[in-house]
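Colleague: Residue numbers (the numbering used here), protein chains in the order written: chain A, 1 to 346; chain B, 1 to 346.
It is possible that some hints are incorrect.
Pairs involving identical chains hold if they fit within one copy or between any two copies, as the list cannot separate such chains.
With a cut-off of at most 35 Å between alpha-carbon atoms, the simulated DSBU-like pairs for lysine-lysine come out as follows [to be verified]: (1) Lys29 - Lys264; (2) Lys264 - Lys220; (3) Lys155 - Lys320; (4) Lys306 - Lys31; (5) Lys255 - Lys31; (6) Lys215 - Lys29; (7) Lys255 - Lys220.
Note that these hints are calculated values from the structure, not bench results.
As a plain string of letters, each chain reads:
Protein chains: 2
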Amino acid sequence: MFESKNTQRTPISDLGEFGLINHLTTATKIKHDKTALGIGDDAALIDMGDHYQAISTDMLVEGVHFDLSYMPLKHLGYKSVVVNLSDIYAMNGVAEHITVSLAVSNRFPVEALEDIYEGIHLACERYNVDLVGGDTTSSRSGLVLSITAVGRVEKDKAAKRAGAGDNDLIVVSGDLGGAYMGLQILEREKQVYLDNPEMQPELSGHEYILERQLKPEARKDIVELLQALEVVPTSMIDISDGLSSELLHVADASKVQVNVYENKIPIDPSIYTICEEFNLNTTTVALNGGEDYELLFTIPIADHDKIKANPNLTVIGYVKEGTGANLITRDEKVIALKAQGFNHME
Amino acid sequence: MFESKNTQRTPISDLGEFGLINHLTTATKIKHDKTALGIGDDAALIDMGDHYQAISTDMLVEGVHFDLSYMPLKHLGYKSVVVNLSDIYAMNGVAEHITVSLAVSNRFPVEALEDIYEGIHLACERYNVDLVGGDTTSSRSGLVLSITAVGRVEKDKAAKRAGAGDNDLIVVSGDLGGAYMGLQILEREKQVYLDNPEMQPELSGHEYILERQLKPEARKDIVELLQALEVVPTSMIDISDGLSSELLHVADASKVQVNVYENKIPIDPSIYTICEEFNLNTTTVALNGGEDYELLFTIPIADHDKIKANPNLTVIGYVKEGTGANLITRDEKVIALKAQGFNHME
Chain A
1 MFESKNTQRT
11 PISDLGEFGL
21 INHLTTATKI
31 KHDKTALGIG
41 DDAALIDMGD
51 HYQAISTDML
61 VEGVHFDLSY
71 MPLKHLGYKS
81 VVVNLSDIYA
91 MNGVAEHITV
101 SLAVSNRFPV
111 EALEDIYEGI
121 HLACERYNVD
131 LVGGDTTSSR
141 SGLVLSITAV
151 GRVEKDKAAK
161 RAGAGDNDLI
171 VVSGDLGGAY
181 MGLQILEREK
191 QVYLDNPEMQ
201 PELSGHEYIL
211 ERQLKPEARK
221 DIVELLQALE
231 VVPTSMIDIS
241 DGLSSELLHV
251 ADASKVQVNV
261 YENKIPIDPS
271 IYTICEEFNL
281 NTTTVALNGG
291 EDYELLFTIP
301 IADHDKIKAN
311 PNLTVIGYVK
321 EGTGANLITR
331 DEKVIALKAQ
341 GFNHME
Chain B
1 MFESKNTQRT
11 PISDLGEFGL
21 INHLTTATKI
31 KHDKTALGIG
41 DDAALIDMGD
51 HYQAISTDML
61 VEGVHFDLSY
71 MPLKHLGYKS
81 VVVNLSDIYA
91 MNGVAEHITV
101 SLAVSNRFPV
111 EALEDIYEGI
121 HLACERYNVD
131 LVGGDTTSSR
141 SGLVLSITAV
151 GRVEKDKAAK
161 RAGAGDNDLI
171 VVSGDLGGAY
181 MGLQILEREK
191 QVYLDNPEMQ
201 PELSGHEYIL
211 ERQLKPEARK
221 DIVELLQALE
231 VVPTSMIDIS
241 DGLSSELLHV
251 ADASKVQVNV
261 YENKIPIDPS
271 IYTICEEFNL
281 NTTTVALNGG
291 EDYELLFTIP
301 IADHDKIKAN
311 PNLTVIGYVK
321 EGTGANLITR
331 DEKVIALKAQ
341 GFNHME
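With the rest of the complex left out, here is chain A (with noise of 0.2 Å):
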């Protein structure tokens, strides 16, 4: 009905979801002096006197970010709050307050919103946030939810993505690629059932990996044991498209380069198995698989006393000057690692 003067026509795909996000935002401009840091990094931090005020927000689109054919509901919604207070715990704070946006349509009745609910009250009542707000709406299709976490991040303690400084130790929480394997079962599971209705998934003995994908946590327990550790890491970001692409983050916003060894990859010992299963190299799996939300963080080496004996972190790598990311490979080749996690945009 109306004319677009705008008549060019790129395709999103062009940009990817980063350079589409970087594209779109580089006309943002800062206008408040109590704007610490805006766009590019888990959350912004906002300026609040005594201590930073951290925000940050997440869109999870049915068919894209899930699947409800194996993704129960309660888990959909406890999820769905989990990652965004993983961004905040990523800034090395402490999570205090979500508001929930829920588009749904009406194939869902009350009680499928009660389940999305009960899911995301366990959630607030597990990392001790409180609910304050939100917008329930009706779906021309599928289920939108929009969260919006809010913390409070100290400002000797605030850890951005960049500050990573030459030859800190690079470290990670937890083991890496359990989610992205999850899924993989899922999908086949749920091939199998599609294929023959009859057929019951074949999902046990993969407890943990299914867990990983379908009710992963935080790592708030991380950021409360640096406390009492006394270690502040000079930067720090989630896993959640990737270890490759996170340590790409890293560089970049630090202007460093990170190396990090293949051997040093923390892998559960069930993700081997599976990944056999599959055909899948645990390497690339750890890598490039997404959702993990463990943190990546690094600091300075003087710290690695502290940290050293704890079974919840280990030392993957260590940073130097230059730039991208690198990694070593068992029998000591160097490859520059690209990111080639989950990108949602495609």
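Once you've looked at the hints, dock chain B against the given chain A.
Modeller: Just chain B, lined up with the frame of chain A:
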């Protein structure tokens, strides 16, 4: 693939938007002392010590809240920011930061998103807010925008829905019904266009109401005016769903009865002509048409002198003990108002 244990299926429409939110959030527990006000007002209030922080969020869904056949994308970006800021002003606060999440299908080229962001940036400029974060993802079907606004509210000036007291005056800013009649014009011209794509839409002469619909403004100026006049509203709400609906919210939250005079409701002269053309009653349109984003508030009768000369403000009625909302008609009949405004859950 997985059976839900919850086998009841209550249609969402049984509850309606407000009923649904109430139903889903009754289990919400507030754990933090600093959560001064949770779900159920225009914005939540967080106690930051010397002031409150207001947080509000809204989700706009294509085909539900906007129709891209007549909503230019730049206007859509502008409007989606404005409707969120309006919620912060409705707390008598100053909006400072927003985050924007966007889900888009592949049918949108990058240039379409540039148009949306141009509108977002323009609104940020005009209202002096910083865009500090967001998320961009693909969608299987339409366009979904989710915006969260945060702002600052002085503790002694916070205006909630609750707080209206016996004998307070009811005041409204600007005029009502314009956005709804703008929508009627657009819907009519869309139909003409669909019937015959050769026809040009007949929009001239309707600039005011079209702008009310396509490019509404939030009443930041009224918050500043009240500040200058040294008037602190005893309650306040923004008119997004229609005057009737908002009056009932204030009456419910404040546990009072609100009474408004039909002949006092401010209506732009152009609305009378266009209502006649559409065979609609102007009072009904002003009461139930949504999206005007004016502010509705109550003040102590002692403050009447401070506001009475102002052309932006109209006293439309008074508060007394009791419950519910009444319209006092031109012939002095008293009619109980019902919420018949926009319901995005139907």
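Colleague: Going through the earlier hints one by one, which of them does the structure break, listed in rising order?
Modeller: Result: hint 1 breaks, nothing else.
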